[in-house]
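Asks: So the chains spell out like this:
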Amino acid sequence: MAFTAFSSSKPKVGIKPGKTGKVVIVLLAPGLAYLGAFFLTPLISLIMVSLQAPDPLGGFGEYVPALQFSNYFVVISEYFPHMMRSFGYALAATILALVISYPLAYFIGVKARPYPLLQKLMLTLVIAPFFISFLLRTLAWKQIFSNESWIVTTLQQIGFLDSDQYVVGTPFMVIFGLTYNFIPFMTLPLYTSLERLDTRYLEAGSDLYASPSKVFRKVTIPLSMPGIISGTLLTFIPIAGDYINASGDFLGSSSTAMLGNVIEANYLQINDYPAASALSVLLMGAILVLVAGYVKKSGTEDLL
Amino acid sequence: MKFSLGKYAFPLYAVLAFIYLLIPIGYTFAFSFNDSLKTNLIWRGFTFDKWTNVCDREGVCDAFGNSVLIGVISTIAATALGTMIAIALVRYRFKFRKSTNLLLFLPMATPEVVLGAGLASQFFSLGVEKGIGTIIIGHVVFCLSFVVVTVKARVASLDPVLEEAGKDLYANPRQVFWKITFPLLLPGIAAAALLSFALSFDDFIITNFNAGADMTFPRYVFTAAARGVPAEANVIGSAVFIAAILLVLVTQINGERKRRSLLKKH
Amino acid sequence: MAKEFIARGADLELKKIRKEFPGFTAIEELDLHVPAGEFFALLGPSGCGKTTTLRLVAGLETPTTGNIFIGGEDVTGTKPHERPVNTVFQSYALFPHMNVLENVAFGLRQRKIDDPLVKAKEALNLVQLAHLADRKPQQLSGGQQQRVALARALVNRPSLLLLDEPLGALDLKLRREMQIELKAIQIEVGLTFLHVTHDQEEAMDMADTVAVMNKGRIEQMGAPEALYDRPKTVFVSKFLGQSNLLVGEVESSSANSISIEIAGSKISVPKARAEKHTGKIAIGFRPEKATFSSEKPAANSATNVMGPGEIIDIRFTGVSNQYLIEVPELGNITVFAQNVGKSPVTELGEKVWISWSVEHSFGLADLPDTVEAV
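Protein chains in written order, with numbering that gives the first Met the number 0: chain A, 0 to 303; chain B, 0 to 265; chain C, 0 to 373.
Please keep in mind that the hints were generated in silico from the structure rather than gathered at the bench.
Beta carbons: idealized from backbone N, C-alpha and C, even for Gly.
Among these hints, one or two may not hold up.
[What the hints assert, rightly or not] Below, a list of computed lysine-lysine pairs in the DSSO-like style, where the Cα atoms sit at most 27 Å apart: (1) C:K214 with A:K213; (2) B:K97 with A:K119; (3) A:K21 with B:K94; (4) A:K295 with B:K97; (5) C:K214 with C:K118; (6) A:K110 with C:K78; (7) C:K118 with A:K217; (8) B:K97 with A:K217; (9) B:K178 with A:K110; (10) C:K135 with A:K296; (11) A:K217 with C:K214; (12) A:K217 with C:K279; (13) B:K97 with C:K135; (14) A:K21 with B:K178; (15) B:K6 with A:K295.
[As the list claims (entries may be wrong)] Derived Cβ-Cβ restraints for the label pairs, each shown as a range: (16) B:T46 with C:T61: 53 to 61 Å; (17) A:A291 with C:T61: 47 to 55 Å; (18) A:Y114 with B:F176: 49 to 57 Å; (19) A:Y114 with B:A242: 23 to 31 Å; (20) B:F176 with A:P211: 49 to 57 Å; (21) C:F20 with A:I150: 43 to 51 Å.
With the hints as extra help, turn the sequences into a complete structure.
Replies: Shown next as structure tokens:
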């Protein structure tokens, strides 16, 4: 499964040593060349564009190659709140997704082991949201929590919300939507890791005087760590760059705009390519630093 | 401890979690039967019209057709390239293995906005006109890594002794690949292809940065979101959902039946 | 929590234990008493309920009915971590995310005992593995893992140590070595050991008392020598070593023996060694207790004689030869002969008479499955 992407499971099967030859080159060359042309070079052009300066002779949205590092200072000072919001929302949604997913993954992967068909059906239900358009399911939440919906009017009646307070457009709604949309990315790697969990270790733990909560902390959690790492990365990264949930047309408002929203606005609406590129480079850099640090700390160094 | 909390707490929790996961799907499905006008915000009555005349709404079916086309081409390209890389990575040792792994990991660690903006910048600086072609180029990039990961797992679980047995029984390398390796990898390749199609079909962010005037289904929904998405979009979304879930269920039940009949024989 | 741990073992008592799982009953009704400080073996084939019994004692399963007492205290309702019991698991279940020393210290840490690492090191010394304390379990051989699992259990000084086929994963030679070592450690620490195994040699070699389990019940219990010398049921006679069984109606009986008539021979068993004295009974004898000769031995009241039969198979096993002798109307009889002189003593196809001492016969309580109990 793709969702073991970040786990450290090593292939068990023997590798043919010393067979670096024509075959390897034939197998690798097309794919790697493709990634070189359409992944690496775009990243480089992104860096180059991020340093461009407005064309003194040209009109709106025209830029010339330059080394204008000040672009970075400008975007940082202008969009610092958005950066904080992006990482804050991503952190909150990742933690929520982990808390919601873990018991579910534990139930499917450990408790439901005697019933393989049930296990498979539940896994299908977990990935079911993938099968309906991301945008449609987000819009569905927007409608469910819309200002006229019975949920909101009830909340207003019981005094949980003031009569002029709504749910859509608030950070709560954005985090709710992000959590919902990325839960399968958390549940699946957790399941993969818990499904392999040998329950005899849990029995050994309780045999050695650890209470159920101690067994969970000292044995279950450490043994499912690959799934936790993989799941948190697979949710955190896309959430940090998402701009659907926080967009004003979906669950957010201008006060919830994340980094993705400002990149999109700068790039596609006001054609400020250098600013959008600088923000992208910063986002990518921050994520790489986070991933590297996280992976190093958790000791799962052989990725992929 | 005659009463165990876990006995009831876990199933109950699972049921609640599944309800939560399925609510927006149910909502979307229900509102595909709404006798709505332009927007689909308020329930106005039940009708099958939107299902029977789904293409009457301008642009919906074109966008859907584009999405399928893009999905199919991207999937074929990504699956072919990715399978080759996966085989090389598991079965051969070569000098730049680590950097290859890193290069494949990076697209998965790159937020879609960054990928989308990067590609758009490149197309812009090269003067390439954006359209369906550029969308496909973008989709293959992120599908590729997922294909490699999925197929790699399958290759790793394939016992090389089987291939050696093939060689021992007079098969040449080409025959070994097509008669032994490929059929055994097929379930993994099929899973990778399905995943890749799903990712491509539902992608919005990269598409939005690299599409010209061409619409895809997610783009259609996004553009319509500002003024209200018509019920026909719900019809398409629900139909795709039903098709996908049926496909998965049939495969699973078949697999389970096979497993059971194998167990019985033993 | 079980706070005080007794340095010496405690006794274990199971009263009217019954354990049902969905669809089958693992244990019918079990009463068992294991005295403190004893090495007790539960022996039986897979599926006989022995592992379930062990898991019930450990607290990993709850009995459907019945009670479990450890050191006189009813522990039936307590959780595994509250019982003064430790297990050496069949798979060892060494935590893969901790090194050897941390594995051994785990139980001590949970109970907040002082100097867990010092005590863990001592336990590793006991099993001669102190030099591997920093290794991860995956880096150890099977035998080493087994010792770590033993140290991890022993370091807690449990009242009762449970061994779940702990030697099952080892090869034969290592297994014999570990048997000796395990027995030595048990004598040294003086704990009560409850050992579950399907290996009859292992059970007889190590245990003070062996209980043979079959289909959720204890068939027979006693010292290994007594069990072997005088099995009481067909199952025990076949599971513990090999037996030849002869079935017939009791024809005559004297003051201290009864006899059956079979294929023209009179086979006797002392009354004291027979479970049933009337009706259809099965009389057994061990293959190594019998001898054969080409001439009919003189019959007397102390010897059973049978034959003639034909030698149809000879198997050479090193220390002995195993002969399969086909006796008309009676079936095949196995006889072992020590490999002391020329081998084989007799050729295939030869006609021989089989004889053994009446004192070595045993009368069983039940009949083999192949015979209808009329």
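Asks: It remains to establish, for every hint, whether it holds in the given structure.
Replies: Hints, verified against the model:
no., hint, verdict
1, C:K214 with A:K213, "36 Å, violated"
2, B:K97 with A:K119, "35 Å, violated"
3, A:K21 with B:K94, "14 Å, holds"
4, A:K295 with B:K97, "16 Å, holds"
5, C:K214 with C:K118, "41 Å, violated"
6, A:K110 with C:K78, "19 Å, holds"
7, C:K118 with A:K217, "20 Å, holds"
8, B:K97 with A:K217, "33 Å, violated"
9, B:K178 with A:K110, "40 Å, violated"
10, C:K135 with A:K296, "19 Å, holds"
11, A:K217 with C:K214, "38 Å, violated"
12, A:K217 with C:K279, "61 Å, violated"
13, B:K97 with C:K135, "26 Å, holds"
14, A:K21 with B:K178, "22 Å, holds"
15, B:K6 with A:K295, "38 Å, violated"
16, B:T46 with C:T61: 53 to 61 Å, "57 Å, holds"
17, A:A291 with C:T61: 47 to 55 Å, "48 Å, holds"
18, A:Y114 with B:F176: 49 to 57 Å, "38 Å, violated"
19, A:Y114 with B:A242: 23 to 31 Å, "27 Å, holds"
20, B:F176 with A:P211: 49 to 57 Å, "51 Å, holds"
21, C:F20 with A:I150: 43 to 51 Å, "46 Å, holds"
Of the numbered hints listed earlier, those contradicted by the structure are 1, 2, 5, 8, 9, 11, 12, 15 and 18.
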